[in-house]
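Chains as they are written, first to last, in my numbering: chain A, 1 to 218; chain B, 1 to 392.
Honestly, the hints are just simulated from the structure, not real lab data. Cβ coordinates follow ideal geometry from the N, Cα and C atoms, glycine included. Mixed in with the good hints, there may be bad ones.
In silico DMTMM-like links for lysine to aspartate or glutamate, alpha-carbon gap of 20 angstroms or less [said to hold, decoys possible]:
| id | chain 1 | residue 1 | chain 2 | residue 2 |
| --- | --- | --- | --- | --- |
| 1 | B | Lys-126 | B | Glu-138 |
| 2 | B | Lys-244 | B | Asp-118 |
| 3 | B | Lys-106 | B | Glu-240 |
| 4 | B | Lys-337 | A | Asp-88 |
| 5 | B | Lys-174 | B | Asp-150 |
| 6 | A | Lys-8 | A | Asp-71 |
| 7 | B | Lys-2 | A | Glu-112 |
| 8 | A | Lys-176 | A | Asp-200 |
| 9 | B | Lys-337 | A | Asp-185 |
| 10 | A | Lys-158 | A | Asp-58 |
| 11 | A | Lys-60 | A | Asp-88 |
| 12 | A | Lys-122 | A | Glu-112 |
| 13 | B | Lys-16 | A | Glu-93 |
| 14 | A | Lys-8 | A | Asp-88 |
| 15 | B | Lys-256 | B | Asp-195 |
| 16 | B | Lys-256 | B | Asp-118 |
| 17 | B | Lys-2 | A | Glu-81 |
| 18 | B | Lys-337 | A | Glu-93 |
| 19 | A | Lys-176 | A | Asp-165 |
| 20 | A | Lys-136 | B | Glu-339 |
| 21 | B | Lys-174 | B | Asp-247 |
Chain B stretches covered by chain A per the calculated footprint, using a threshold of three residues with CB under 8 angstroms from any CB of chain A [to be verified]:
| id | region |
| --- | --- |
| 22 | 88-100 |
| 23 | 318-328 |
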Amino acid sequence: MINIENLKYSYPNSDFNLAVGTLSIEKGSRTAVIGPSGFGKTTLLNLIAGILQPQRGDVKVNGTNVSQLSDSERRNFRIREVGFVFQDFKLLEYLNVLDNILLPFRINRSLEISKDVKSVAKDTAASLNIEDKLRKHPSRLSHGERQRVAICRALVNKPAIILADEPTGNLDPDNKAHIMQILFDYVDNYNSTLVTVTHDHELLKGFQQIVDFKELGQ
Amino acid sequence: MKQSLYLAFRYLFFHKFRSLVLIASIGIVIFLPNGLRRLIEESEAQMMQRANSTPLVVGAKGSSTDLVINTLYFQQEKIENLTMEVADRLSATGLGYSIPIFSAFKARSFPIVGTSLDYFDFRDLKIKEGRNLSYVGESVVGSNVANQLDLSAGDALVSSPENFFDLAGVYPLKMTVVGVLEPTDSPDDNAVFTDIKTTWIILGLGHGHENLAKTNDRSVILERNGSSVKANAKLFMYNEITGKNLDRFHFHGDTKDYPINSILFVPNDQKSSTILRGRFEANELPNQVVVPARVVENLLQSIFRIKQIFNTVFILVGVATLLILGLIVVLSLRLRKDEIYTMFTIGSSRAKTFEILGFELLTLVTMSVAVASSLYYFTGFFVEEFIARFIL
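Only chain B is shown next, with the shape it has when bound in the complex:
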C-alpha cells in the first residue's frame, strides 16, 4: 500500500498543473452548494437571533421591512422619520421603555448610530477598551470599525459630509472615540455609536460657536437688538466638541420635535407588549409597531425559495461534474493503457494497478475535499457581508 501511495503521489506531483486544476474544479463543485447553504443558514440564524432579541420596533407608517432593516441593521434606507416626542410618549405609557435610533450619517462608510445609553444595556454591549459615552460629541465604535480604521480610545473620527457640493448641508463633526466595543458578530460591530444629540448636531439642529455677547470682532455682528444678536457667516463655528467649548453647544427649538428614525421599544412583559400593539392597531397612536421576528421571517422566506432553486442547480452541476470526472478517469485509463500494460508485463497484478489508480483518485478527491473544507471554513467570515449585500 505504501508503494502504491508513493507511485500515486509521484504521478500527481509530476502532472502538477493537471492535478491542481482537477483539485480546484472538484473542490469548488463540492464547496459551492455547501458554502451557499452555510451562508444562507448562518445568515438566517444571525438575522433571526437579532430579530428575536428585539421585541418591538416603532416607526412611521410605510414599509415594515425597511423599518426593521434600518433599526436592526443600520442600513440607512430612506424611511419617514418620527419625532423624539413619540419616544417620550411611549415611555410615558409605563408599558416599557423606548430606545431612540437615528442613523442618517456615516463616518468613513460606517453608519453613525445616535441612540441612548439604554441601547448598550439592551444589546448587552460590553466596552473592551476605554469607557462608554458621557458627553455629546463622543463616540463608541464597534470592534470591526476599530479594526478596519485602526481606532482606539482617544482617537478622533470625522463624520462624512453627505454631499461635498451642498453648501447648506451637513457639517462634518470631529468626534472623539472614547470606547471600543467587544465583538458581537452582529451589525453593532460595524457601527459608530453616539448620543442621539450628537447626530442632531451633525444634522445641523444643534451647533456651537463663539460667544456673540462677548466677541470683540465687530465685523461678525450684523445687528444687536436687546439680548438678541444677529451674526454673519464670518462667525466661527466649532466642528469639534471639547471640554472647553462644550457649553457653547446648544439646540434651537424643542428637542421633542427633533427627528429619529425609529424606536426600539422594550415592553415590561408580554402583556405590556400586547397592550401596546393593541393601541397601535386601534389607531390610538399614529405610527406603526412591528414585531421584527415576523418581518425577518417573511423576508427570509423569499430567500429560501431562491435557495431551493440553487439546490436543484447544484445537484445538476454535481451530477454533471461526476459524469465529467468519470469521463476523465476513462480517458485517463485509455491514455495510460501502455503504462498499465507495462506494469502488468513486469509483474503487477490488476488489483495492484487499480490500487495505484485508486489512490490517485482518492488523493485528488481528498485534496478537493480539503480545498472545499477550507473554503467552507472561510465562508463563515463572509456571513455579515452576505447579509448586507444580498439579503438586506
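So here's chain A without its partners, still in its complex pose:
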C-alpha cells in the first residue's frame, strides 16, 4: 500500500511546486495518474521511488516511510521494492538484451548474478516473447520489443511496486494493448502494485483507480 500525506516538493531554482494532500493506493491495485504536462506526474513517481526527497510530508510504501530514509536506504528500497518502466525504454545501447535485463544486478552490490537469476531473466524474457532476442542489441529491436525488454528488466527482481512513466507513449495500438496486458498480468499474479502515468485515455479502462492531477495537485 502507498500512502502520501501533506506532500510538498519543489525543484531548486524553479517555480514548480508539487503539493499533494492525501493519496492512498491499495496494494495489488492498478492506478493510473493522468493530467496535463508539467503538473508533476513524473515527479510524483520519483518521490514514491525515493529518487527525490520531499521538502515536507510523508510517502509511505508498505509501511516504510520513504521520505525519512537516508540516501543509501532509499537506494536499497528502490532496488528491492521498485520496478521502473519508462516511455523511452532507457535501455543501454552497448549491452545486449540479456545484459540489459540483468543490469540492476550488475550495478548493485547487494544483488548477485547467480544461475537462478539468469534463469529467472530468461524465463521472464520467454514470458514476454523475447527469448530469441537475448543476444541482440536494443538498436536491432522494434519499439515494442524494446519496451518488453525494459519491462523484463523492471520485473526480473519481482518488485512489489511497478512505476511506469508513459510506458506506451512510443508504441503502436497493438503493442500498447499488449504491453499493458503484460503489466496487468504481473500485478495480478504477484499481488504487486502498478502506478502508471499516462496521457492515453483509451488505456484507462483497465485501471481500478484513476488519479487526476488537475484535482490532486498543482
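Use these hints to put chain B onto chain A, whose structure you have.
Below, chain B alone, put in the same frame as chain A:
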C-alpha cells in the same frame, strides 16, 4: 568490481572505433617524448661506446667530424685521402700499431671496408660462420648484411659500380663471402669487410688478366718490346679472384702510395698516445690526429640542445592532450547523462557509476600505456637507423 569492469569493457567494445582512436592517440602522446628520449639516449650511448673504444684516428687535415664519422661509422663522407705510407710510418714510431681504413665503395648499399686483420682483433669481432679473410678478393660480412642479403659463407657478393656511365670508372668485383660476423649492435654489423688490397683492386689500382707472355691470341697484342708487352682493350680482365687466377692479380706502382681514408691508431699506452698527439701538434707529422670521444661529444651536444626543445614541445603537447582528454570525459559524461540517470534510477549509487566510468578511463589509459610501451620497445630496433639518418 567485477561487474563494473564487465560493463566498462562492454561499453568500450561496443564503441570499438572510438576506443581505438582514443587508445592510439593517448598511446602516441605518451610514446613520443619517451621514445625520442630513448632514441637519443641510446644513440648517445652507442656512439660514445664506439668513440670511447677508439683511442686515436689519424686522417688528412679537414673536418674532424667527417673523419671520425667515416672511420667509425663508414659513412663514406668525402674526405681527403692519406697514403698507406702514413700508416706504415706511424707503426714504425713504435708507439702503437696502425689499422688502415679504406671505405669508398658499396656492395648492394652496404659499405665495403678495406682494412687489415688487426681490425677484427681490435674490435673483438667474432666469426659466427665460416672463417676470417685469408686472400684478396674475399669478404667477411656483418650480421645485418648477411641477414638482409641472405648471405652465408660460400656465397658471392659483387661490388656496386660507382657510375654506370663512367666507362673509365670502378670495375665491379665479385667477392667470395668466406665468413659472417656475430652481431655487435654496431656499424660493423652493416659492413662488408675485405682486405685493403681488395678495395684497391676495386679502385682499379690492381687487376688480374690473362698472361700476355703466353697468350696465343695475336689480336690482343699491340706491341712487344723485349719483356714489355702492350695489349689492347680486347685483353680479358678477371672480375673475380679465385684460386686459379690469384697469381695473375698484381698492383702497378708502390702500394705505399695507395690511398686510404684514415688510420685507427692503437697506442701502446696513454704515454704513447700523448707523445703521438704531441708530434702532430708540433707539426712533425703532416696530418691530423683526433680523439674520437671528444669529436662525438661535440657532435652530440648540438643534438641535446634540439632534445631540450623537443622536451618542451612534448610537455606542451602532453598538457594539451590532457586538457583534450578532460574535455572528452566531460562531454562524454554530458552525452551519457541519460544513461547515468537510468542507472541511478534503477538503484546504482554515484560511487558505482563513477567506478564504471573510472574503469573505462583506466582501461583506455592502460591500453594506451601498453601501446606506448610496445612502440617504446620497438624503438630500440631503430637506434642505428636513427643515428645514420639524423645524427651522422
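Against the structure, the hints:
| no. | hint | in the structure |
| --- | --- | --- |
| 1 | B/Lys-126 with B/Glu-138 | holds (17 angstroms) |
| 2 | B/Lys-244 with B/Asp-118 | violated (27 angstroms) |
| 3 | B/Lys-106 with B/Glu-240 | holds (16 angstroms) |
| 4 | B/Lys-337 with A/Asp-88 | holds (14 angstroms) |
| 5 | B/Lys-174 with B/Asp-150 | holds (16 angstroms) |
| 6 | A/Lys-8 with A/Asp-71 | holds (19 angstroms) |
| 7 | B/Lys-2 with A/Glu-112 | holds (11 angstroms) |
| 8 | A/Lys-176 with A/Asp-200 | holds (10 angstroms) |
| 9 | B/Lys-337 with A/Asp-185 | violated (33 angstroms) |
| 10 | A/Lys-158 with A/Asp-58 | violated (25 angstroms) |
| 11 | A/Lys-60 with A/Asp-88 | violated (28 angstroms) |
| 12 | A/Lys-122 with A/Glu-112 | holds (16 angstroms) |
| 13 | B/Lys-16 with A/Glu-93 | holds (13 angstroms) |
| 14 | A/Lys-8 with A/Asp-88 | violated (27 angstroms) |
| 15 | B/Lys-256 with B/Asp-195 | holds (15 angstroms) |
| 16 | B/Lys-256 with B/Asp-118 | holds (18 angstroms) |
| 17 | B/Lys-2 with A/Glu-81 | violated (25 angstroms) |
| 18 | B/Lys-337 with A/Glu-93 | holds (14 angstroms) |
| 19 | A/Lys-176 with A/Asp-165 | holds (13 angstroms) |
| 20 | A/Lys-136 with B/Glu-339 | holds (19 angstroms) |
| 21 | B/Lys-174 with B/Asp-247 | holds (17 angstroms) |
| 22 | 88-100 | violated (count 0) |
| 23 | 318-328 | violated (count 0) |
Consistency note: the structure conflicts with the earlier hints numbered 2, 9, 10, 11, 14, 17, 22, 23.
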